[in-house]
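Residue numbers (the working numbering), protein chains in the order written: chain A, 1 to 262; chain B, 1 to 225; chain C, 1 to 210.
Treat each hint with caution, since some may be false.
Looking from chain C toward chain B, a few residues come up when the C-beta cut is under 8 angstroms (computed) [unchecked claim]:
(1) Ala54
(2) Leu56
(3) Lys78
(4) Thr79
(5) Phe83
(6) Gln87
(7) Asn88
(8) Gly89
(9) Leu90
(10) Phe102
(11) Gly105
(12) Leu106
Keep in mind that the hints were calculated from the coordinates and are not lab data.
The beta carbon of each residue, even a glycine, is placed where N, CA and C say it ideally should be.
What follows is the residue order along each chain.
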Amino acid sequence: MGNSRGPKNPTKLVFSSLHKYASPRHFYHLSLSISPWLAWLASAMFGLGIVGGLVIAPSDYQQGDSFRIIYVHVPSAWMSLFIYVTMAAAAATALVWKIKLAEIAMRASAMLGASFTFLALVTGSIWGKPTWGTYWAWDARLTSELVLLFLYIGFIALQTAYSDRRVAARAGAVLILIGTVNIPIIHYSVEWWSSLHQGPTISKLDTPSIHIDMLIPLLVMASAFMTYYLAVMLTRMRCEILAYERNTNWVREFITARAHHS
Amino acid sequence: MTRYVSTIRLVITRDVLRAARSQTEALHPLIFFALCVLLFPFAIGSDEGLLERIAPGILWVSALLSATLSLEQLFRSDYQDGSFELFVLSKASTLAISLGKSLTHWFISGLPILLMSIPLCLVLELNWATTQVFLASLFAGTLTMSFIGAAVSALTVGLRGGGLLLAMLILPLYIPVLIFGSAAASNAAQGLPAAAELYFLTGLLILAVTLAPWATAAALKIRLS
Amino acid sequence: MKTFERGLKACNLRVERGDAVVFEDLSFACPPGTITHLKGENGSGKTTLLRTLAGLVQPANGQVFWNGEVLSGPNSIKTELVFIGHQNGLNSELNALENLQFIAGLTQSTKIHDVKAALRRVNAEKFGSKPIRYLSVGQRQRIALARLLIQDATLWMLDEPFTAVDTDTKRTIECLLEEHVATAGIVLLATHQEFSTQDKVEYVILRNKQ
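Start from the sequences and build out the full structure, keeping to the hints where you can.
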C-alpha cells in the first residue's frame, strides 16, 4: 500500500530525463541554475591557466618567451574545430529528429565558433612574427583555419538571410553537414598544397615532445576555454529559447514575472 | 531505375531547351570566363615567363568564378515559376531531379567552359600535353563544382543577398578542387607527372556525385518551407 | 484498434511564421469525395495552411494526418497530390505542350498522350504552341489547370485557381471539381472568391490576426 513502487528502471530514468530536458522550457530553467557555476569555474581556470602559462612554465629553449602565446592560440584552435563538430552533431539531430533544442544549440554556437577561429588566426599571426619573421606565412594550419572562418561566416550569413528562424536553422544544418564532409578534405588538400609550394613549417605542436611543465598549463587553459564556451553558449541558448518560444504561455508569464521583480 | 533515368533525362532536356531558347544568356558565363582570363595580362604585364608560370592558375580561377556565376541561375526560374513545388510535391523523385539539375548545370556551364578553355590555352601558350592534362582536370573539376554547387544554390535561391551570398558559401568548398586542379596543370606544364592530382580529383568527383544530390533534395524541401 | 481513416485531417494545428502566429487550434477533416474551401482575405494564412497540409511547413503544434498517418514531410503525401500554387509551375520559355509533356513525364502520368485533349478541354489549344511568356495571365491559368487533367492524383490542392479567369473557364473549373469528387477525389481550394458546385462544400474560414 502507499506510494512505494520499488526501484525505478534506471534506463527509463535516463531517457525520461533526456526527454524532459529536450523541451526548451525545462532546459531553460536547468541552464539558469548551471550557468553561475560554469562562469565561476571558467574564471578560476583562466586564472590558474594564465598564471601557469605566463609565470610557472619554463622558457622555451628555442623561442624564449614568445612561445607563451600558445596558451591562447592552441586552445582557440582546438575550440574552433570542436565547436564546428558540435554544430554538426546538433545539425544532424535537428534534421533527423527535428528537435528544437538542437537547432538552438547550433545557432547559438556559431558566433562563438567564428570568434575562436578569429582569435586563433590573430594569435597565430602574432606568434608568426617572432618565429618566422612575418605575420603571415601561408602555413598549412593557419590557412585551414582561415577557410574554417569563412565556413562559419557563411553559416551566420545564411541564418540572417532567411526570415523564419526554424527554416533558417534547417537550411543552416544542411550547410554545416556539407561543410563537415568538406573539412577533412580541405584540411588535407591545404596541407598538401602547402608542402608543394614551400618547405614544411613546423609549429611548436608538431614536435611530439612537449615538456610536461609546459603541457599542464595548456591543458588547464583548454579546459578554461571549454568551460567558457559552455557558459556563454548556455546564455546564448537561453536568448534563442525565448525567441523561439515567444508565443507560448510560459514565456509570457516568465517575462511578466521578471518585469514585476525588477 | 529506368524511372530515375527518365526523370534525369527529362530535366536535362527541359533545361537545355530553355537555355537554348534564351540564346544570349547561355553565352554569358563563357564571355565572363574569357574576360576574366584576359584581365590578368593587363594586371600583371604580358611578360611571357611570368604568364607561362601562372597560366594554369589563371585559367583555373577564371573557370571557377564563371562556374560560380552561372550557379545562381540554375534554380532561379524554377523557384519563381513554381517548379519547386512540382519537384517536391509530385510523384517525381526529388533525388533524381537533383541529379538531373546538377548535370544540367554542367551541360550549360561546365561543358562550354571546357570548350572555351581550348582557345584560351592557346592564347596563354600552353603546350599540347599541358592542355590535355588541364582539360582532364577541368572536366572532373567542373563536374564536381556543378554537383556541390547545386546543393548550395538550392539553399540560397531567392534569398536577400542572392548571388554574393551563394559565392560566399560555395567558394571555400571549391578550394580543394582548385588546389588539385591547378596543381595537375602546373605539374604538366613543368613536365612532371600529374596522375596523383587527377586521381584525387576523380575521388572528389565520386564523393560529390554520391553525396551532393541528397543535400540538394533536402535543400529543395527546406527552401519551400 | 486504430481505425483506418482515409483522407486529410488537421488536428489542433498551429503555425508560426517568423515571429507571428498565423493560425492556431485549427481542426478539420477532408474525407474522400469532399471539396473544402479555405476561405479568408489576403494575408489570413490560406496559402500557409495549404502548404502545411501538403507537408512543406512544419506546424508549431498539432498534426496533419494523411490516410491515418501523421505527416512529417511531403514524402508520404506527394505521390497522390497535385499542388498548383500561386505560381503555376509552368516554365515561361517553353510552350504549353512542352510544359505539360514535361510534367506528364515527370509524374509518370498515364495520360501523357492526352496532352492535346487536355488543352482542348480547358480551351487553350489555340495558343498551345506559343511560349508561356507571351500569354496573358488568364491564358496561363488555363494551361495550369490542364495539369489537373494530366497528373493522376487523389488530392488536389489549388491556391487561388480563379485568378484572372473568365466565366467560361470558371465554369470549366467547377465542372472539373465536380467530376473529381464524384470519383472519390479530394479537393482543397484556397481562395477569397466564391464559386458554386453541385456538391456541398466544407468551409474553413481564416481571419486576419491583426
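Return the status of the interface hint for C/Ala54: holds when the least beta-carbon distance to chain B is below 8 angstroms, violated otherwise. holds (6 angstroms)
May I ask you to test the interface hint for C/Thr79 with respect to chain B, counting a Cβ-Cβ separation under 8 angstroms as satisfied? holds (5 angstroms)
Was the hint right that C/Phe102 lines chain B, CB cutoff 8 angstroms? holds (5 angstroms)
Should the hint that C/Leu90 touches chain B count as held when the rule is a Cβ pair under 8 angstroms? holds (6 angstroms)
Double-check C/Lys78 for me: the hint is only fine if its C-beta lies closer than 8 angstroms to a C-beta in chain B. Holds - the Cβ of C/Lys78 comes within 8 angstroms of chain B, reaching about 5 angstroms at its closest.
Does the interface hint hold: is C/Asn88 within less than 8 angstroms of chain B, judged Cβ to Cβ? Result: holds, 6 angstroms to nearest chain B Cβ.
Given hint C/Leu56 near chain B, where the shortest CB pair must fall under 8 angstroms: holds (5 angstroms)
With a cut-off of 8 angstroms on the beta carbons, see whether C/Leu106 makes it to chain B. For C/Leu106, the interface hint holds, since the closest Cβ of chain B sits about 4 angstroms away, which is under 8 angstroms.
With a cut-off of 8 angstroms, does the beta carbon of C/Gly105 approach a beta carbon of chain B closely enough for the hint to hold? holds (5 angstroms)
Holds or violated: is the Cβ of C/Gln87 closer than 8 angstroms to a Cβ in chain B? Hint on C/Gln87: holds, closest Cβ of chain B at ~3 angstroms, below 8 angstroms.
A closest beta-carbon separation below 8 angstroms is what the hint needs, so does C/Phe83 meet it against chain B? holds (4 angstroms)
Using 8 angstroms as the Cβ threshold, decide whether C/Gly89 counts as touching chain B. holds (4 angstroms)
Violated hints: none; the structure is consistent with every hint.
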